[in-house]
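Q: Spelled out, the chains give:
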Amino acid sequence: MTGWLYLIGLLFGLTGLAVLDWRYRVALFAQPARALGTLGIGVAIFLVWDMVGVGLNIFYVGSAAYLTGLRVAPEVPVEELLFLTLLCYQTLLLWLAFGRRRAHALAST
Amino acid sequence: MTYVVLSVAVLALIALITLPTLRHLPARPLVLTALVLIALTAVFDNVIVGLDIVAYDDALTSGIRLWHAPIEDFAYALGAVMLIPTVWTWLGGPRNATPAHSATPAHRATPAHRATPAHRATRGHDSEPATIGESGESAS
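Protein chains in written order, with our numbering: chain S, 6 to 114; chain W, 60 to 199.
Mixed in with the good hints, there may be bad ones.
Simulated coverage check for chain S against chain W, where a stretch passes if three residues somewhere in it have a Cβ under 8 Å from a Cβ of chain W [stated by the list, open to error]:
hint	segment
1	43-56
2	70-82
3	95-101
Think of the hints as simulated: they come from the structure by calculation, not from any bench.
Just so it is clear, CB atoms sit at the ideal spot from N, CA and C, and this is done for glycine as well.
Work out the full structure, taking the sequences as your base and the hints as a guide.
A: Below, the structure written as structure tokens:
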């Protein structure tokens with residue numbers, strides 16, 4: 006059961022972001038194709054970065070009490086895929102939300 | 060030090076690709092996003108390194124850590140701030156600029172646009188409501 010904790014935590018975070026996105030129509034719920042494309046390309050680039058780090062033996066999967074053990078590549082657990090998605094989605098939402106706030110501020114002056 | 064070199068090299072490569080796009084975007088949303096992401100990374104990274112979900116070969120890192128989190132991990136936050144807005148902008152095309160980008164000229168243009176009748180005529184889809192507005196004004 007503890008093996009699923011990190012995965013569940015990541016899914017919990019992603020769900021939270023998706024709810025906010027849905028409520029405020031920021032990215033996926035405003036321009037779905039563009040948001041999916043952005044996240045896909047972002048995650049792909051970060052995965053390459055990860056693989057280089059793994060290839061250079063800089064980091065590796067820890068002692069794995071909280072990991073499912075499912076791998077998408079050597080030393081790249083399935084959780085890393087979700088973590089990178091969370092990072093990219095969080096970035097996109099923050100940036101679009103801050104941009105929207107700025108646009109409102111400018112419009113009201 | 061290998062991890063420092065990798066992080067700096069990747070960030071430099073990302074900067075090279077994204078800066079031509081980023082310099083045309085408003086700075087404030089990018090800076091605020093970076094600050095929030097760095098704060099979130101400090102919390103999240105400490106949790107996953109502390110729980111031993113990810114581990115590092117200490118011989119290959121700088122050894123500089125914010126509690127558990129290796130300083131190099133913050134490169135991911137900086138990389139994301141450069142990459143994601145750039146890709147979003149690229150995928151938008153010229154007519155579909157980012158909200159941050161397009162809202163400014165659109166809102167600013169409105170008063171000036173209404174003030175000069177010459178502008179109304181040039182904008183096809185805007186001319187109809189503008190004409191109605193004008194006839195209403197002249198009638199009153």
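Q: All the hints need checking, so say for each whether the structure fits it.
A: Results of checking the hints against the structure:
1. With 6 residues bearing a CB less than 8 Å from a CB of chain W, the segment 43-56 of chain S meets the requirement of three and the coverage assertion stands.
2. By the rule of at least three residues with a Cβ nearer than 8 Å to a Cβ of chain W, the coverage given for the segment 70-82 of chain S holds, with 3 such residues.
3. Evaluation of the coverage hint for the segment 95-101 of chain S: fulfilled, as 6 residues show C-beta separations to chain W shorter than 8 Å, against a requirement of three.
When each numbered hint is compared with the structure, no violation occurs for any of them.
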